[in-house]
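With positions in the sequence shown counted from 1, the corresponding number in my numbering is that position plus 1004.
Rather than coming from a laboratory, the hints here were simulated on the basis of the structure.
Even glycine gets a Cβ: it sits at the ideal position worked out from N, Cα and C.
Worth double-checking, as some hints may not be accurate.
Claimed, not checked - Straight-line alpha carbon distances no greater than 27 Å define the calculated DSS-like cross-link-like pairs of lysine-lysine that follow: (1) Lys1059 - Lys1044; (2) Lys1103 - Lys1044; (3) Lys1103 - Lys1059.
What the hints assert, rightly or not - What follows is a set of in silico ranges between Cβ atoms, one per label pair, in the way DEER data are often shown: (4) Glu1122 - Arg1066: 15 to 23 Å; (5) Gly1039 - Ala1083: 31 to 39 Å; (6) Ser1011 - Glu1076: 19 to 27 Å.
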Amino acid sequence: MGWDVGSSGLALVLSADLPAVIERYLPADVTEFLGAHDLKLDDIGTWVCHPGGPKIIEAIVRSLELPEEALELTWRSLAAIGNISSSSVLHVLRDTIAKRPAAGPSVMMAMGPGFCSELVLLRWH
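Make the full structure from the sequences, and use the hints.
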């Protein structure tokens, strides 16, 4: 996952191995992140995830052992507007806020070039 900079601008470069990379590294990233806040995967009530594509979403669900419905709004966003780069996760966040999730901790996540995961802890009141 990265960017190719050319005369006509930026072009996204994706590897077919990306789902395998997610399954290998994302669980440890998320577990370590949550542990730093004295939380576990089971403590998270809402997942706000960037809709990178079907294989990416499926890899997130498998790697974190989430129920299929956990990323319902991510799937809806992908169907409605597709992957519009970084701002896609904000579309999912907007829909999540509109749905009024239950009080408690949530995680917002996206993945970036060189394979890095960006994680934000959210708390609903």
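Hint check:
1. Lys1059 - Lys1044: holds (25 Å)
2. Lys1103 - Lys1044: This hinted pair holds, its Cα atoms lying about 23 Å apart.
3. Lys1103 - Lys1059: The given pair, whose Cα atoms are some 25 Å apart, holds under the 27 Å limit.
4. Glu1122 - Arg1066: 15 to 23 Å: Holds - the Cβ-Cβ distance for Glu1122 and Arg1066, about 20 Å, lies within 15 to 23 Å.
5. Gly1039 - Ala1083: 31 to 39 Å: holds (34 Å)
6. Ser1011 - Glu1076: 19 to 27 Å: violated (41 Å)
Violated hint: 6 only; the structure is consistent with all others.
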